[in-house]
Every structure is written in structure tokens, then in C-alpha cells.
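Chain by chain, the residues run as shown.
Protein chains: 2
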Amino acid sequence: MRKFVGIGVGPGDPDLLTVRAVKELEKADVIICPIAREGSESVAYKIAEPHIQGGEILRMVFPMTHDKDVLEKAWDENAKEIKSLLDNGQYVVFMTLGDPAVYSTYMYMVDILQHMDIEVVTIPGIPSFVNIANSINVPLMMGDEALTVVPMMKDGKAVEKALDDFENVVIMKPSHNRDLLVKFIEERKLQDRFVLVTSSGTDKEKTITDIEELRNYTIPYLSTMIVKKGGF
Amino acid sequence: MRKFVGIGVGPGDPDLLTVRAVKELEKADVIICPIAREGSESVAYKIAEPHIQGGEILRMVFPMTHDKDVLEKAWDENAKEIKSLLDNGQYVVFMTLGDPAVYSTYMYMVDILQHMDIEVVTIPGIPSFVNIANSINVPLMMGDEALTVVPMMKDGKAVEKALDDFENVVIMKPSHNRDLLVKFIEERKLQDRFVLVTSSGTDKEKTITDIEELRNYTIPYLSTMIVKKGGF
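So the protein lines, in turn, are chains A and B.
For reference, each letter of the first sequence is one residue, going 1 to 232 in the numbering used here.
For reference, each letter of the second sequence is one residue, going 1 to 232 in the numbering used here.
One thing to keep in mind: the hints can contain errors.
Repeated chains share a single entry, so a pair holds when one copy, or any two copies, can fit it.
Unchecked claim - With a cut-off of at most 20 Å between alpha-carbon atoms, the simulated SDA-like pairs for lysine to any residue come out as follows:
(1) K23 to P220
(2) K173 to M142
(3) K23 to I52
(4) K23 to D13
(5) K154 to G143
These are computed hints drawn from the structure, not numbers from a lab.
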């Protein structure tokens, strides 16, 4: 049976790939790097680069759009290209940023490939929010506690629910509505119970724990907030 | 400044350690393996063993109890032992199962050690629930979705709240109240929206997706359930 391998390359440090992911890269004839458009850089490639010793690099476009028709057309074309590589006996490894099971387009591909009777093996990576907690030596959850990971949408409803019901909340994409986020934190008196980390693990890394600083901060896209009601 | 290093060894496969964790093990003079009582096996040690080339193995007891006095006494003694190793110039690496930020006693130690003016560096590992999702090629969350990770307690209240409010729920320790869990699933008509995985990544691995099988199954301790309201 044809086999297709997906790996997570983790949040940014090449040394945060797993040993197994490195072994898969070493075996690969073709290494697929997802990109947003023709000519753009692949973040996953940059992370994995020190571990790539051979194998053809194939940049595959996954458009950043909510247009379902455009997306499905791209996925189908990409799946056909992967199938043809596998049919030619190539060992194909697909890279995703962070972990393949955490907010990754990869899983749409898996679904299509499995319907083409292709065996899929997925190797986990370190999710960015897990890395952030470790880098600041803070537990995501302890003992009987729960954790909710929730993206900040314009209306903020899911974030509000998570903050009301759970003791530990990871808020993805806090840049989507900073003012509402500040309001949620102040309403619940969580001013000393949050940390915002931007560009974790890079030389642009920045940590904010002051609500006054947050209020006027233009939050970059690659930011994550951790709120712990029990404190840090 | 004295430096103390903690690493996550991941869920079970030695190849799921990160490259960085392996490098830390290679540097270590002393490798600390947490155990529940004198003489018991260290699961973390078994996982990391293929990567251990030297360094003294130190089994450190972290009692499994809710008695705060017993726990704090053990943590204090362990912290003193670690401090004395560091004072003697030893490179000390502490191993935790899975990831150090996800339900790990390690973080209590970090707190005590930091108060002793010791620098702590924590290296993430693959959390078990992340591994399970990858191993069955299923996303934990996609697009705008949230994920809640919640332990099953006797009363089940947090699990019930998570199932009502969020589309993706990871239920830890489902063995704590199987009957209530079955009731929650049936009440919400989620019979074809769950998967229970036991002993993931070992030769005892078992996957249950049938509610009738779950109803009479004696769930082992090392089990995790993923519920996806949107289906698999």
C-alpha cells in the first residue's frame, strides 16, 4: 500500500523536532513544504532545514482564503500531485508548523488521501502553546484543572465562555480583537493573571504581563496569551 | 548562576523525544527519574533509556497522595537534594513523562527551585493527547474551533460543561467515572463522535469507538477520550 508521512516540525527551534521526524526527513525522496502563495517562504522549511540532507524540496501552495471552492480545488490538486509521487515509488514527507493535529491544513489533505486508499502516518510536533508554557516555566494545567485553547474571534464569545468556565485558558490569535480581550481581563479582575508572548523562540520574542502595556500594544499575528485564574 | 534543566520525554516512543531533550540527556551528569515510591519503575526512564549514554540515574520519590504535608515535605527534600547536586557543579536533568507543562509534578519543583535562586530551563515534550490525535490522523481542532482538555472527576461537572460549550473535548482519566461518561455521551447523542484510546503507542494499545463496548469496558487508567461534535 502507498504510504504518506506527515510530520510536525514544532514551533521554531530546529532542535524541537522529534527524533522520529528527523529520521523521516532523512528517508524522504520528496519533502513537501506548504506555502501560502507562489514564491513565498516556507516557515516549516526554515525550521527543518538543518535536518534536511537530501530529498527534493517541493513547495506546495495552500491558499489563505475562506473561499471553500478555491480551497477544495487546491487541496484536490495537491492530493493528486502527492498520489502521483507515491505511485512513482517516492517516499513523501509533508511538513507542518507546530503539530499536525493543532490547527493545521494538513488534516484536510489526510482526509482526501485516505479516500484515495493511501495509508497515512502522522508524527506529532510540539504545539506552539505548549512551547510557550515551557519557555516561561509555567504549567498549562495541574491536578484536577482543565485547559481550554480558544482562538479570539471578532465577537469573542468563545473566549468569554472559556474565561468564565475554566481556570486555564490559552487564547490564540489575540490580535483579532485586542480591545475586547483587555475588557474581558479587566471585567474578571485577571490583570495579574495573564501573559502574552509574541514570536516565541525567535529573537523577536516579547512577553507582556502589564495590562497598561497591552492596552496600547499592536499585537502581532504570531502571539499567544495564557490566562491562569489561579495565578502564575 | 546554577542551572537546572527539565525535559519532557513524550508519551512512550523513545523516538518522540525532541532532539534538544536528547542533547540535554547527553550533557547530563545526573539524570533524575521521578518515581511514585521506593523501588518502583520509572516510566520516563524506560522511554528515554535508548538515549542515555552516561550520567548517574537518580530515582527521586514523588509520593502519590493528596496529603499536602506529605507532598510538600517530599518536594522540599527533593529540591534540597537537587540544589546540593547543582552546588557541586553537576549538570542535572529532570525527566517528566509527556510534557512538563501538562499535568506534571515537575512544575511544583520549579517553583521551589526558583525561590532558591536557581535558573530553570524547561524543554517541552509531546503531550499524550497530542500523540493520540496524530496516531489516529484526527485534528484536535481546526479553523475557528476551540479545544478543551479536562479530567473526568467523580462529579463530572467540568466534563459536562466542556461537552456543552466546546466542539472538541479531550477527556483525561475517563476511568474515574465510566458510567457518567457514557450517560453524557448518550444524552448529547455523541455515540458516533468519540474515540477512547488506551495505552497509546504501546503493544497494549486499544481503541474503542462503540458505545456498547464502552458501556461494559473496564477502562484502564492510561486512557484518553477525544470527543468531536463535528465528527471524525
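State whether the alpha carbon distance between K23 and P220 is at most 20 Å within one copy, between copies, both, or neither.
-> Classified as neither; 34 Å inside a copy, 32 Å across copies.
Between K154 and G143, at a C-alpha cutoff of 20 Å, which is it: within one copy, between copies, both, or neither?
-> So K154 and G143 pass the 20 Å test across copies only (14 Å; inside, 33 Å).
Tell me, please, which holds for K23 and D13 at an alpha-carbon limit of 20 Å: within, between, both or neither?
-> Answer is both; intra-copy 17 Å and inter-copy 13 Å each pass.
Homomeric proximity label, K23 with I52: Cα distance no greater than 20 Å | Both ways: K23 and I52 sit 10 Å apart in one copy and 19 Å across, limit 20 Å.
Is the C-alpha distance from K173 to M142 at most 20 Å within one copy, between copies, in both cases, or in neither?
-> Between copies only: 13 Å across chains, 24 Å inside a chain, cut-off 20 Å.
In the structure shown, a violation is registered for the earlier hint numbered 1 alone.
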